[in-house]
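Novice: Read off the chains here:
There are 2 protein chains.
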Amino acid sequence: MADNPMSNAISNTPQPPYNAVIFTSLRTPGDRGYAGTAARLAELAQAMPGFLGAESVRDEHGAGITVSYWQSEASMRHWLEQAEHATARQLGNSGWYEDFSVRVARVERAYGKERRD
Amino acid sequence: MADNPMSNAISNTPQPPYNAVIFTSLRTPGDRGYAGTAARLAELAQAMPGFLGAESVRDEHGAGITVSYWQSEASMRHWLEQAEHATARQLGNSGWYEDFSVRVARVERAYGKERRD
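One line per chain: the protein sequences are A and B, in this order. So the numbering used here is basically just the index in the first sequence, starting at one, shifted up by 332. So the numbering used here is basically just the index in the second sequence, starting at one, shifted up by 332.
One chain only, chain A, in its complex shape:
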């Protein structure tokens, strides 16, 4: 999840199709409540209907990519509304991120080391 170490690095998502939110960001220095909010967002996501998993990495330069996976367009949209509500002030004020991008996508095919699909 967001900014947690990926103890289980790869989400064990079901067969596609499903939906994905690709969040790429570059953090500003300093925490200013970020870690706490990120942890709450991660908990919130996991509790939401249609949540399939998430993968998150941030490097020592503050560059991060978090991808969350959702069962349906509706569950993904619901999540986006919740996440935007929870982070609206911070994103709006640009306090946490030097830059960020949200991309909403439909996963059509997937395979892995074990050719899980």
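It cannot be assumed that every hint is accurate.
Selected chain B positions facing chain A (in silico; Cβ < 10 Å) [said to hold, decoys possible]: (1) ALA352; (2) SER357; (3) ASP391; (4) TYR401; (5) TYR429; (6) PHE432; (7) GLY444.
For each label pair, taking beta carbons as the anchor points, the in silico distance ranges come out as [what the hints assert, rightly or not]: (8) A:GLN414 - B:ARG372: 34 to 44 Å; (9) A:ARG409 - B:SER343: 18 to 28 Å; (10) B:GLY362 - A:ARG409: 36 to 46 Å.
In case anyone wonders, no lab produced these hints; they're calculated from the structure. Think of the CB as a built atom: it goes at the ideal place given N, C-alpha and C, for glycine as much as any other residue.
On the provided structure of chain A, position chain B as indicated by the hints.
Specialist: Quick look at chain B alone, frame taken from chain A:
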């Protein structure tokens, strides 16, 4: 690009729709030719028709996410063939990755700090 510092963290992709390859991985310890191959793959991607950009992060635990963006399904497929050809032995022998996942997706909407879209 793959495992390079993201000096320009966020790819300045055009208006959706476009295609994306989400590659999540957990590296094994040691290089064994990985860095060189990753750099060559990054160069190869940038030279390919339809390449729109890429974002890549790897953390200190070896967890990484690289997302590359492609103008069309055809250009993305072409890239996947090239990348799989270039890494076939290593992926097959599991030399570099403890685990990995490739997800092929269609980006439908996007927005950023500047609401670029």
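Novice: With reference to the structure, classify each hint as holding or not holding.
Specialist: Consistency of the hints with the structure:
At its closest, the beta carbon of ALA352 (chain B) sits 6 Å from a beta carbon of chain A; the interface hint therefore holds under the 10 Å criterion. Annotation: interface hint on SER357 (chain B) holds; nearest CB of chain A at approximately 7 Å, less than 10 Å. Annotation: ASP391 (chain B) was flagged as interfacial toward chain A, and the flag holds, the nearest CB pair being 5 Å apart, inside 10 Å. Look at TYR401 (chain B): its Cβ gets to within about 8 Å of chain A, closer than 10 Å, so that hint holds up.
Hint status for TYR429 (chain B) relative to chain A: holds, with the closest Cβ pair at about 6 Å, below 10 Å. Using the Cβ-Cβ criterion of 10 Å, the hint placing PHE432 (chain B) at the interface with chain A is satisfied: the shortest such distance is roughly 5 Å. Below 10 Å, beta-carbon pairs count as interface contacts, and GLY444 (chain B) has one with chain A at about 4 Å; its hint therefore holds. Between GLN414 (chain A) and ARG372 (chain B) the C-beta distance comes to about 41 Å, which sits within the given range of 34 to 44 Å.
Distance hint check: the CB atoms of ARG409 (chain A) and SER343 (chain B) are about 24 Å apart, consistent with the given range 18 to 28 Å. A beta carbon spacing of about 43 Å between GLY362 (chain B) and ARG409 (chain A) agrees with the range 36 to 46 Å that was offered as a hint.
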